[in-house]
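K.L.:
Letter by letter, the chains look like this.
There are 2 protein chains.
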Amino acid sequence: MTVASIGARCRLPGWESLKRSAEEAAALIENGMTVGMSGFTRAGEAKAVPLALAERARHDPLSITLMTGASLGNDLDKQLTEAHVLSRRMPFQVDATLRRAINSGEVMFIDQHLSETVELLRNHQLKDMDVAVVEAAAITEEGGIVPTTSVGNSASYAILAKQVIIELNLSAPAELEGLHDIYIPQMRPNRTPIPVVAPDSRIGTPYIPIDPSRIAAIVVTDGRDSPSTVLPPDVDTQRIADHLMAFFAAEVEAGRLSRSLLPLQAGIGTMANAVMTGLANGPFEHLTMYSEVLQDSTFDLFDAGKLDYASGCSITLSEARGEAVWRNLDKYRDRLILRPQELSNHPGIVRRLGVIAVNTALEADIYGNVNSTHVCGTRMMNGIGGSGDFARNAQLAVFITKSLAKGGDVSSLVPFVSHVDHTEHDVDILVTEHGLADLRGLAPRERAPLIIENCADPAYRPALHRYFEAACRRGGHTPHCLEQALGWHQAMERDGHMRTLRDDG
Amino acid sequence: MTVASIGARCRLPGWESLKRSAEEAAALIENGMTVGMSGFTRAGEAKAVPLALAERARHDPLSITLMTGASLGNDLDKQLTEAHVLSRRMPFQVDATLRRAINSGEVMFIDQHLSETVELLRNHQLKDMDVAVVEAAAITEEGGIVPTTSVGNSASYAILAKQVIIELNLSAPAELEGLHDIYIPQMRPNRTPIPVVAPDSRIGTPYIPIDPSRIAAIVVTDGRDSPSTVLPPDVDTQRIADHLMAFFAAEVEAGRLSRSLLPLQAGIGTMANAVMTGLANGPFEHLTMYSEVLQDSTFDLFDAGKLDYASGCSITLSEARGEAVWRNLDKYRDRLILRPQELSNHPGIVRRLGVIAVNTALEADIYGNVNSTHVCGTRMMNGIGGSGDFARNAQLAVFITKSLAKGGDVSSLVPFVSHVDHTEHDVDILVTEHGLADLRGLAPRERAPLIIENCADPAYRPALHRYFEAACRRGGHTPHCLEQALGWHQAMERDGHMRTLRDDG
Ligand SMILES: CC(C)(COP(=O)(O)OP(=O)(O)OC[C@H]1O[C@@H](n2cnc3c(N)ncnc32)[C@H](O)[C@@H]1OP(=O)(O)O)[C@@H](O)C(=O)NCCC(=O)NCCS
Ligand SMILES: CC(C)(COP(=O)(O)OP(=O)(O)OC[C@H]1O[C@@H](n2cnc3c(N)ncnc32)[C@H](O)[C@@H]1OP(=O)(O)O)[C@@H](O)C(=O)NCCC(=O)NCCS
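Respectively, the protein sequence lines represent chains A and B.
Heads up: the first sequence begins at 1 in the numbering used here, then just goes up one per residue.
Heads up: the second sequence begins at 1001 in the numbering used here, then just goes up one per residue.
Derived from the structure by calculation, the hints contain no laboratory data.
Remember, it's a predicted structure, so these values are computed and weren't measured experimentally.
Take every hint as true, because none was put in to throw you off.
Not close to chain B: a few residues of chain A, all C-beta gaps over 10 angstroms, as computed: (1) E24; (2) P233; (3) R333.
Some chain B residues near chain A, calculated using beta-carbon distances under 10 angstroms: (4) A1198; (5) G1348; (6) P1444; (7) L1486.
Simulated DEER-style distance windows between Cβ atoms: (8) A1254/B <-> N190/A: 13 to 23 angstroms; (9) M1381/B <-> D60/A: 54 to 64 angstroms; (10) E1253/B <-> N31/A: 25 to 35 angstroms; (11) P458/A <-> R1474/B: 25 to 35 angstroms; (12) D1330/B <-> N190/A: 23 to 33 angstroms; (13) Q186/A <-> E1253/B: 19 to 29 angstroms.
All C-beta atoms in this analysis are idealised placements derived from N, C-alpha and C, irrespective of residue type, glycine included.
Start from the sequences, fold in the hints, and give me the full structure.
P.N.:
Below is the structure:
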């Protein structure tokens, strides 16, 4: 990483008078405030001020509403939760400690479509924001904020908050400047079309334009993003990727897609990353991405010469990939853009471009409804994230999941999902390691046998077939046996597993 | 109604050679074909050819896939079902006979977001269309089709089908010409923004442009649309309207809405119509509508001087209103536009305009999930229609329902909806005759007490509170007692009512 001189990074005249320690800046945050912070999938979060806030709360208790782009790195959600700073949290998280606090009812978590949070804020449908804390790679002559590895919701937070704290991170590569494209939709009812017509459309400014009089503090930092926790593909994720590659190839063959497919979106995590990596070895070329988080796979595809352009709202890389990418950013800069998540996930743009969306399900049911968030219908895992923004409006909405979880104790294909995030209307393709179900144009009674045969683990197929057949005897457009519908989850709650439903169980 | 001479209606040179009887035209439809027909909420459907098709099928059996805009009038779905013509049907219907055939598994029904059907067709994700049958008020010199009282999916069907049958309806008011605005989004990935920026944006042509060589038959007809079945407001729907008016007024007071509100969408049926009519007596002015079907209430609002402009994809009126409107169309013409349903319901446009969407729920649960379609989770009522297109992207997504159905035997507020069409993420405001729950920015545990106290019928409140409290003792972000979650619906299936759950039951 380049450590540039502070002067080159912070070009706002007189900025020194705003320089504060993290503790001094954190003191601007008062009990009961609504605070917006940068950070999306562990990338580009403000690092020093939240930590100082957690420290302070240990002797001087306070609690706030915390809004971010998505998840924070550097265990910040953990620290803030342990210090009881969070009374409300939105719109997404992935931290185990915070998750426990959410599920115990200690923290009120508002699980939102990631494109919608700032729209609600702008329209005063959420409480006005008191303070925004945003990580910057540079501050321009006019006080414009150049974000670091994520844009997330930082732009709107910085524009809408009463006071702005900037964490100027000297260890962020100076070459990040120029990568971002900041555009804020106009206020309704006089909004003109957002002019993004392709992943490489640049429509805004490379910095967040704010009135510098609202900058309340500048904190100089040098912390690093946490590396991503994505694991290498295993046999099952590789099979999922293979099924999907074969499907894409068949779509090209049938003339429904070109060899460049359509702009690709891939969800968070190991599975989605593996699928994208799979494209490196496929017959596809001149691919583009219009996605949310850009993971290692994006750079695998660049290096394989398969990917022409990638648009996202954050970059989250493994330790090794991070080293290579951040040191050679110039190699990729012309083919990368980071936008506000309101734009990376915008329903209208996703629909316009005809994105192919690949997201991971916790579980799916025999009719194609998908649960992305609630284990056994009650316990929040992470949140819906951008999956709804993309799946509803995509040309192809793909959901992937392993057919089994917890070492075979749990079937991820069930009669009736215990929580619905994506309805049957929004799920085109379902893939597990066993195969792929193409649900387009099918009625529920046609979907069920296909999902059971192609996607479920063989040990759970007979019980699923028996359920479906019994349900059909009762009738209905979407047949169910209500008294058994949640039985698989009840078994899980009662016995800790669904093995009694297995044919070999 | 003006009955113009055929020559003025049909200006395509040499059209007489294409003139056919309904029976002759129906003969173009062969067993196994995919057929698209005009018609949206009982307005503007092709009338003669479907009837001739049903007649023919009685002695010469055939079955087809039938796609429409939405529901058909003149009992056509009934006739086609009774003649066993329908093997597949999409994307919406409201007919009791067809509903039974769907629920018995005889007809495969594909319940779709109404904005999406032609997008799927255009991208060959549904089987290519063989024949389109479209009702016209006129045919232009170049063979362009001027639709009648609905546009629905007629434009894309006529453009994409191999053969087009036009029903030229001489009883349709000639003044309909000029009302329509036909625009078809470009093919992906090179689609430019759809330039609608307000309800009154005119962006296309007043007719459906097609290559006249694909016109296979012109059938001259004079049938009428069925009148709408909307009932006058009763005490409960009036209360629902009153709660919503008070809420809008409070939003204006708080500065979150102007006195013109935002473009309004109202779902089908009696309740949504009553709410719109309620606006006639409120303190609001210069209202606009960006909706799907325009009902009596639209014209009530015009007549009250409250409504400046209304955009929709069909006009469905009661007998009396229809007489008055169609005879005086000139009075309203400058303030009306009919678009393809792909545009009236377009997620990107709904998001751009910040529509206020008011749709009716069958049932809602204590966390704000909404079921619009499946009685007891299994039996299809009508379909999701445009409710998802609007609710997901609206600035305010309102769902209304009476707290009770079936004379108090059923509570429409339940612990766990038996089917999800709209997730908690997409429901801002829930209203029943008892009150309104403002769910914006609330976590599930905060939503439940509000929904129970403000919306549920008092007799069912104690049981709902008990459920919620027991569930909270078990924990989770969205607490549930899985073994009881569907118990209310099981009671309904078993006993025919939920009265055992009533406190006075
Ligand atoms: C669904 C989601 C949790 C899957 O995550 P993942 O890391 O790819 O998948 P994993 O298989 O490792 O599953 C994660 C956890 O869920 C558990 N799990 C998976 N399926 C399960 C099921 N059917 N029932 C219970 N638990 C299940 C796993 O055991 C694992 O638990 P652990 O952390 O205790 O080991 C994740 O993709 C997510 O949060 N999605 C919603 C947001 C989203 O889609 N964003 C995309 C837009 S960018
Ligand atoms: C939900 C919907 C069916 C309500 O229709 P409505 O005519 O306004 O309301 P009603 O109260 O008359 O209910 C219709 C029927 O559902 C029944 N019903 C209502 N709530 C019920 C419940 N909780 N459980 C079982 N049945 C219920 C009613 O008893 C009535 O039955 P009936 O026809 O046998 O008398 C209708 O609005 C719909 O189809 N919505 C989905 C599509 C949509 O929202 N489109 C809007 C975009 S334009």
